[in-house]
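Please put together the full structure from these sequences, using the hints given.
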Amino acid sequence: MDRATFERELGEILGLAYGYAVRLNSGDHEAAEDLLQEASISAFRGRDSFTVGTNFKAWFFKILTNAFYRRAGKKEVQTVSIDADPEPYLYLQAREVGIAGADDPAEILFNKIDTAEVKQALDNLPSEFREVSALYFTGEMSYEEISDTLNIPVGTVRSRLHRARKLLQVALWDLAVSRGIVEAVSYA
Amino acid sequence: MHEMDCREVIKHMAQYLDRELSTKEQEEVQKHLGECGSCANAFRWENSMLILVKNCAGEELPKGLTARIFDSFDCCE
Numbered sequence: 001m002d003r004a005t006f007e008r009e010l011g012e013i014l015g016l017a018y019g020y021a022v023r024l025n026s027g028d029h030e031a032a033e034d035l036l037q038e039a040s041i042s043a044f045r046g047r048d049s050f051t052v053g054t055n056f057k058a059w060f061f062k063i064l065t066n067a068f069y070r071r072a073g074k075k076e077v078q079t080v081s082i083d084a085d086p087e088p089y090l091y092l093q094a095r096e097v098g099i100a101g102a103d104d105p106a107e108i109l110f111n112k113i114d115t116a117e118v119k120q121a122l123d124n125l126p127s128e129f130r131e132v133s134a135l136y137f138t139g140e141m142s143y144e145e146i147s148d149t150l151n152i153p154v155g156t157v158r159s160r161l162h163r164a165r166k167l168l169q170v171a172l173w174d175l176a177v178s179r180g181i182v183e184a185v186s187y188a
Numbered sequence: 001m002h003e004m005d006c007r008e009v010i011k012h013m014a015q016y017l018d019r020e021l022s023t024k025e026q027e028e029v030q031k032h033l034g035e036c037g038s039c040a041n042a043f044r045w046e047n048s049m050l051i052l053v054k055n056c057a058g059e060e061l062p063k064g065l066t067a068r069i070f071d072s073f074d075c076c077e
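Taken in sequence, the protein lines are chains Y and S. When you line the first sequence up against the numbering used here, it's residues 1 to 188, in that order. When you line the second sequence up against the numbering used here, it's residues 1 to 77, in that order.
The set of hints was computed from the structure by calculation and includes no laboratory data. No false leads were slipped in.
Which residues of chain Y face chain S? A few of them, derived with a C-beta cut under 8 Å, are:
{"#": "1", "residue": "Gly19"}
{"#": "2", "residue": "Phe137"}
{"#": "3", "residue": "Thr138"}
Now the in silico label distances, taken between C-beta atoms and shown as ranges:
{"#": "4", "chain 1": "Y", "residue 1": "Gln37", "chain 2": "S", "residue 2": "Gly34", "range": "48 to 58 Å"}
{"#": "5", "chain 1": "S", "residue 1": "Lys11", "chain 2": "Y", "residue 2": "Ser186", "range": "24 to 34 Å"}
{"#": "6", "chain 1": "S", "residue 1": "Cys76", "chain 2": "Y", "residue 2": "Gly15", "range": "20 to 30 Å"}
{"#": "7", "chain 1": "Y", "residue 1": "Glu96", "chain 2": "S", "residue 2": "Arg7", "range": "15 to 25 Å"}
{"#": "8", "chain 1": "Y", "residue 1": "Gly73", "chain 2": "S", "residue 2": "Gly37", "range": "47 to 57 Å"}
{"#": "9", "chain 1": "Y", "residue 1": "Gly27", "chain 2": "S", "residue 2": "Gly34", "range": "32 to 42 Å"}
With a Cα cut of at most 25 Å, we get these calculated DMTMM-like pairs of lysine to aspartate or glutamate:
{"#": "10", "chain 1": "S", "residue 1": "Lys24", "chain 2": "Y", "residue 2": "Glu144"}
{"#": "11", "chain 1": "Y", "residue 1": "Lys119", "chain 2": "S", "residue 2": "Asp18"}
{"#": "12", "chain 1": "Y", "residue 1": "Lys112", "chain 2": "Y", "residue 2": "Asp174"}
{"#": "13", "chain 1": "Y", "residue 1": "Lys57", "chain 2": "Y", "residue 2": "Glu144"}
{"#": "14", "chain 1": "Y", "residue 1": "Lys62", "chain 2": "S", "residue 2": "Glu77"}
{"#": "15", "chain 1": "S", "residue 1": "Lys11", "chain 2": "Y", "residue 2": "Glu144"}
{"#": "16", "chain 1": "S", "residue 1": "Lys54", "chain 2": "Y", "residue 2": "Asp103"}
{"#": "17", "chain 1": "S", "residue 1": "Lys11", "chain 2": "Y", "residue 2": "Asp104"}
{"#": "18", "chain 1": "S", "residue 1": "Lys54", "chain 2": "Y", "residue 2": "Glu140"}
{"#": "19", "chain 1": "S", "residue 1": "Lys63", "chain 2": "Y", "residue 2": "Asp114"}
Quantities reported herein were computed from a predicted structural model and do not represent experimental measurements. Where a beta carbon is used, it is the ideal one built from N, C-alpha and C, also for glycine.
Printed below as a string of structure tokens:
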């Protein structure tokens, strides 16, 4: 792949890649810039290993993820014990306070939560869930692409995403409660 | 024909919202949601949360970063 083509391909996904890098680094923008630069140079050097016509984004995000692992040292292994049963946590909480039937949950609840606080909730996820979530929420990737990028089975992607969503729902609901948003809506 | 009950539909909620189910499963969930207000509410809350997080998760690319990255390739050619 020549340099111009490489830069065009990379330029198209750099915004998504930056978002992913920031989330991987728990919101540290400076570390994300360094990581993105390192991964970009690494990808440029190895661009001949990319098969034209295949998924450039998945190929680059894999390099980016590996660069992150190298910087972080040995990959952190975390065991997080949470209920893995499928459960619509937010809906059940909303039902408890009598707002589950709302036509637009975003209007009454979610739009009142600050963007920075949502980012914080993502950044606070344990690393194994943060990686999958970052690819899902910022990389706009399918389960298959995430599986390919992280070298884990699709079933593991599904289960980690499920757990990540549950943790996010708990965090967002707690946030809404602590900000008085839930109370205001319940008694409205 | 097998019809999904509420427990199965909730189990498939994430994959349904992510369009990761087969066409047949997608249709079965859709059919159930049309008939079950409780599950439809649960899906609406889940989907609303996903949209919120997706809208908030991204970051704006810092000004000049693309140029700095592309310039750094000069040393590798």
